[in-house]
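J.: Join the two chains, each given in its own frame, into one complex according to the hints.
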Amino acid sequence: MDRLIINGGAPLNGEVRISGAKNAALPILAATLLADDPVTVCNVPHLHDITTTMELLGRMGVSLTVDEKLNIEVDASTISEFYAPYELVKTMRASILVLGPLLARFGRADVSLPGGCAIGTRPVNLHLQGLTAMGAEISVDNGYIRARAGRLRGAELVMDIITVTGTENLMMAATLAEGRTVIENAAREPEVIDLARCLNQMGARISGAGTDVITIDGVESLSGTRYAVLPDRIETGTYLVAAAMTGGKVRVKDTQPDLLHSVTHKLGEAGARITHGDDWIELDMDGERPRSINVSTAPYPAFPTDMQAQFTALNSVADGVGTITETVFENRFMHVLEMQRMGASIHLEGNSAIIKGIPRLTGAPVMATDLRASASLVLAGLVADGETTVDRIYHIDRGYECIEEKLAQLGAQIRRVPG
Amino acid sequence: MPMPGDGELHVDDDGRIRLAGRLDLSTVAGLADRGTELFVQRQEAIVDLADVSRTDSAALALLLEWQRAAGRSGCRLRFENVPETLRSIADVCGIEAVIELPAS
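Note that the protein sequences, when read in sequence, are chains A and B.
Per my numbering, the first sequence starts with residue 1, numbered consecutively.
Per my numbering, the second sequence starts with residue 1, numbered consecutively.
For the record, the hints were derived by calculation from the structure and aren't laboratory data.
Any given hint could be a false lead.
What the hints assert, rightly or not - In silico SDA-like pairs for lysine to any residue, Cα to Cα no more than 25 angstroms straight-line:
1) A:K69 x B:D48
2) A:K90 x A:E55
3) A:K69 x B:E84
4) A:K69 x B:P83
5) A:K90 x B:A97
6) A:K69 x B:E100
7) A:K69 x B:G94
8) A:K90 x B:I95
9) A:K69 x B:A29
10) A:K69 x B:L31
11) A:K69 x B:R22
12) A:K69 x B:R87
13) A:K69 x B:N81
14) A:K69 x B:D91
15) A:K69 x B:I99
16) A:K69 x B:D51
17) A:K69 x B:S88
18) A:K253 x A:G287
19) A:K69 x B:A97
20) A:K90 x B:G94
21) A:K69 x B:L64
22) A:K69 x B:A61
23) A:K90 x B:E96
24) A:K69 x B:T85
Stated by the list, open to error - Simulated DEER-style distance windows between Cβ atoms:
25) A:K69 x B:I46: 23 to 31 angstroms
26) B:R16 x A:R151: 54 to 62 angstroms
27) A:S77 x B:S88: 24 to 32 angstroms
28) B:G15 x A:Q409: 40 to 48 angstroms
29) A:V213 x B:L9: 56 to 64 angstroms
30) A:D141 x B:I99: 34 to 42 angstroms
31) B:I99 x A:R415: 24 to 32 angstroms
32) B:R54 x A:K356: 51 to 59 angstroms
Note that the coordinates shown come from a computational prediction; the quantities given were computed from them, not determined experimentally.
Backbone N, C-alpha and C define an ideal beta-carbon position, used for all residues, glycine too.
The shape of chain B in the complex, shown without the other chains (with noise of 0.2 angstroms):
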């Protein structure tokens, strides 16, 4: 599989969801977006952080708007593989209720 760049975002045959790279304020933006198309017509779906090298407060509202669009289509989303750093940045910003993120 390539290594994506800076928060690129790839889809296995499988269906699961793989974000990579750099997942921060500077590269969120343009993936805010594709959650809509990302879980439209799925029952669930997979991301996988695995690849993520780098992240900030923004890639939680990343997996906010994507736990909020998957909702609206009727997805069941998990994240797996979420970073530490990333788990103890929604700590710290109070929201570990309303997203849940399993340890890598």
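With the rest of the complex left out, here is chain A (with noise of 0.2 angstroms):
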């Protein structure tokens, strides 16, 4: 397994691109499906999990073909089977986002159910509750998930808790449902405003995505397009926190500010002077130690749960004591032992994080237990004395296309040893 060693102690400085976000490519890719004619994809990650989603279409008998650019053009005609295998769902949980699509266009998909997660429960018991309410039948047999529908109806759906691939998955169901479907407390983020873009240009009618209420008016069919998938923002966050952490100066390219308001907010409190254009953000710390700032992590234009381990790392070199709440999935502390071994001084109370900065980690060998506990490793050894070895990056590699590459470029002595 490869290993990232890091030597801390530069400040990082200079730009660096912000690739597609991959959280908004898989659906988007899903949702190719749907469409009669071939989509183009644009501005995809080169990230594992869009190659997996490559091999899970690619399986099914979907035609795709990739440019010199790496966009992807997916010809869903060719489509042969209905099935999302459990070796691939298993790997990557966005699979499930083949069965509304699936279902809606050819009436029929078996996809396996997916395993456990390590950072809490994530049930797709929703988007059964909403295909089925939308006139699908469907049974969980021998570990699949096996739906098949006439054309589906368009429906009411309430979601009990607020799901991003619940909501995504239903919407492209009802794209071609007969009639309009209703999602109320829908999830909001940009992802799936994306997505809704995304299908709309393809044909689709949806209004409200990015409130709690979206509204789908079916529509016969969906053709091809062209469609640029939006910037990732929790990697732009990410690289403005590396660079406030070590009193640098970055700017992100390619970026979208008003995607991540909430971010570049607690890092204005944390002392950094931000300015931004159209698309890029530029963070300057002037030299100076951050301050330590207080976040609690919720959906949706609130501060996002994939930032709170980056924050932590933040706090732990910042002036102050500060404290970070996880309230959207249990479980999400582990990197916290991790930076402990670096001589953070963390205590865990419940779902809270409290943290006393010190000026300097110190490097250790510590282990990635998720992709963004791993990035917050990584953050961690930038501010860290000596060398830092980040243990089973494999995890930060699902989420963050380049990252020693793009450190490297802002400065951080940083290298890839191959396992």
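T.: Right under this line is the structure:
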């Protein structure tokens, strides 16, 4: 297994390009199943889950072409199987996103149930309840969701809890349903809006995406299009936090500043000077140490749970005492133990981490446990004296395109050691 | 040596197979079937992609098909001067483990 070796101490300076958002690209790739003609998806990040999704679609008989800019053209007209096997679903929970499109367009889907998840319970029952309300017959046999339907019917759906993939799956299914579907208590995340934009460009009639009530008027068919995925707001935030922790000055390019107001606001509280244009954000710490801040996670547009671990790292070297409260996922402080091994002063109390900042951490061998936890350990390594080795970085590779190259470009001393 | 056009194939006197021009979905179909004749009764063959100007994942499908055809004929196939873009596409497609594409 590959490792990252970091020698901390260098302030980050320079410019870095932000990749497309994986969490937008995956549902959009699933949505291509709904179209009668080829759909070309652009600004797709170069990540393993994207490759897995291509394999999933390819195994169904869907034709895929990747061009020199790594844009992916998907032609679902050649589909011959309606099946997502366990061996792929277990490696990527987002595979469940093919359920709605397959059922809506082809009337059948056999999709493996996802397995457990390291960062808490993420049930799929809301996806199934919604599709059942739209007229699908669904059973769960031998670990597989077996769904069958004629044309789905529009329905009033109320989500018991806010779920991004649940909202996306039902929204996709509703595009080809007969009549109107209303999803109440829908997820408001930018990735849901991006999917709705793409679907509307394909001919769907969706309104309200970005609010908690989404209305979809079903159409007979969707057509092909060319669509560029929105920038990754979490990658954007991670590089900004890295700059803040190291007292540096970094401009992130090809991003969308309005996607992360809650994050830039907190970075401002920490003492960062932040400016932005249409597609860039610049953070300047003037060489100063950040101030501690208090953060509580919540669904968008509040502070994202996917930035919690990075802000834990920031507080660990900030001036003062700060509290990070996690309200979205259970069991999401696994990075804390590793940071404590690097000298961080963190006290866990229920779903909160109380952090007393110290000027510098100490380099140590640490182990990544999930995607964002791994990113936070890399950030901690950037401000640690001596060498930090981050093991099991396959987690980080799932969400960050070329992280060591991008950080090195900003002046970090970081290298990958193949394992 | 004359510069071939889109998706053209030329075999040098020393047996080196040169691909040139645009190698994508629109041009590879005609080349795929040439594999059998190219590799029969040869122990080794080199496919040189130095003159490929434009490419997409269909080119990878061609190289994989040729690799299979060469294997069936008992011919060891090597690719040379592979464009970086084609290597990136192979990476995204997750097939770098099944086909060796050395850098140009």
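J.: Now look at each hint and say whether the structure bears it out.
T.: Now the hints, each set against the structure:
Restraint check: the Cα-Cα separation between K69 (chain A) and D48 (chain B) comes to about 22 angstroms, which is no more than 25 angstroms; the hinted pair holds. Annotation: proposed proximity of K90 (chain A) to E55 (chain A) holds, straight-line Cα distance about 14 angstroms (limit 25 angstroms). A C-alpha spacing of about 11 angstroms is found between K69 (chain A) and E84 (chain B), which places the hinted pair at or below 25 angstroms, so the restraint holds. At most 25 angstroms may separate the alpha-carbon atoms for a hinted pair to count; K69 (chain A) and P83 (chain B) meet this at roughly 13 angstroms.
For the hint pairing K90 (chain A) with A97 (chain B), the CA-to-CA distance comes to about 21 angstroms; that is within 25 angstroms, so the pair holds. For the hint pairing K69 (chain A) with E100 (chain B), the CA-to-CA distance comes to about 21 angstroms; that is within 25 angstroms, so the pair holds. At roughly 16 angstroms between alpha-carbon atoms, K69 (chain A) and G94 (chain B) fall within 25 angstroms of each other, so this suggested pair holds. For the hint linking K90 (chain A) to I95 (chain B), the alpha-carbon distance of about 20 angstroms falls within 25 angstroms, and the restraint holds.
As the CA atoms of K69 (chain A) and A29 (chain B) are separated by approximately 22 angstroms, the hinted pair is consistent with the 25 angstroms bound. At most 25 angstroms may separate the alpha-carbon atoms for a hinted pair to count; K69 (chain A) and L31 (chain B) meet this at roughly 23 angstroms. In summary, the hint linking K69 (chain A) to R22 (chain B) is supported, as the alpha carbons are separated by about 15 angstroms, within the 25 angstroms threshold. The hinted pair formed by K69 (chain A) and R87 (chain B) meets the criterion: a straight-line CA distance of about 12 angstroms does not exceed 25 angstroms.
The straight-line distance between the Cα atoms of K69 (chain A) and N81 (chain B) is roughly 19 angstroms, inside the 25 angstroms bound, and the hint therefore holds. Restraint check for K69 (chain A) and D91 (chain B): the C-alpha separation of about 13 angstroms stays at or below 25 angstroms, so the hint holds. Between the alpha carbons of K69 (chain A) and I99 (chain B) the distance comes to roughly 21 angstroms, so the proposed pair stays at or under 25 angstroms and holds. Under the criterion of a C-alpha separation no larger than 25 angstroms, the hint pairing K69 (chain A) with D51 (chain B) is consistent with the structure, at around 19 angstroms.
Between the alpha carbons of K69 (chain A) and S88 (chain B) the distance comes to roughly 9 angstroms, so the proposed pair stays at or under 25 angstroms and holds. Of the supplied pair hints, the one linking K253 (chain A) and G287 (chain A) holds, its CA atoms being roughly 21 angstroms apart against a limit of 25 angstroms. Taking the CA atoms of K69 (chain A) and A97 (chain B), the gap is near 21 angstroms; set against the 25 angstroms cutoff, the hint holds. Restraint check for K90 (chain A) and G94 (chain B): satisfied, since their Cα atoms lie roughly 17 angstroms apart, inside the 25 angstroms limit.
The suggested pairing of K69 (chain A) with L64 (chain B) holds, with an alpha-carbon distance near 21 angstroms, which does not exceed 25 angstroms. At most 25 angstroms may separate the alpha-carbon atoms for a hinted pair to count; K69 (chain A) and A61 (chain B) meet this at roughly 17 angstroms. For the given pair, K90 (chain A) sits about 22 angstroms from E96 (chain B) by alpha-carbon distance, which is consistent with the 25 angstroms threshold. Between K69 (chain A) and T85 (chain B) the alpha-carbon distance is near 8 angstroms, which keeps this suggested pair within the 25 angstroms criterion.
Checked against the given bound of 23 to 31 angstroms, the beta carbons of K69 (chain A) and I46 (chain B), roughly 29 angstroms apart, stay inside it. For the pair R16 (chain B) and R151 (chain A), the supplied restraint of 54 to 62 angstroms holds, since their beta-carbon distance comes to about 57 angstroms. Hint check: S77 (chain A) to S88 (chain B), Cβ distance near 27 angstroms, so the stated range 24 to 32 angstroms holds. Range check, G15 (chain B) to Q409 (chain A): about 43 angstroms between beta-carbon atoms, so the 40 to 48 angstroms window is met.
Between V213 (chain A) and L9 (chain B) the beta carbons are some 58 angstroms apart, a value that agrees with the proposed interval 56 to 64 angstroms. For the pair D141 (chain A) and I99 (chain B), the supplied restraint of 34 to 42 angstroms holds, since their beta-carbon distance comes to about 38 angstroms. With their beta carbons about 27 angstroms apart, I99 (chain B) and R415 (chain A) fall inside the hinted range of 24 to 32 angstroms. The hinted range of 51 to 59 angstroms is satisfied by R54 (chain B) and K356 (chain A), whose Cβ atoms lie roughly 57 angstroms apart.
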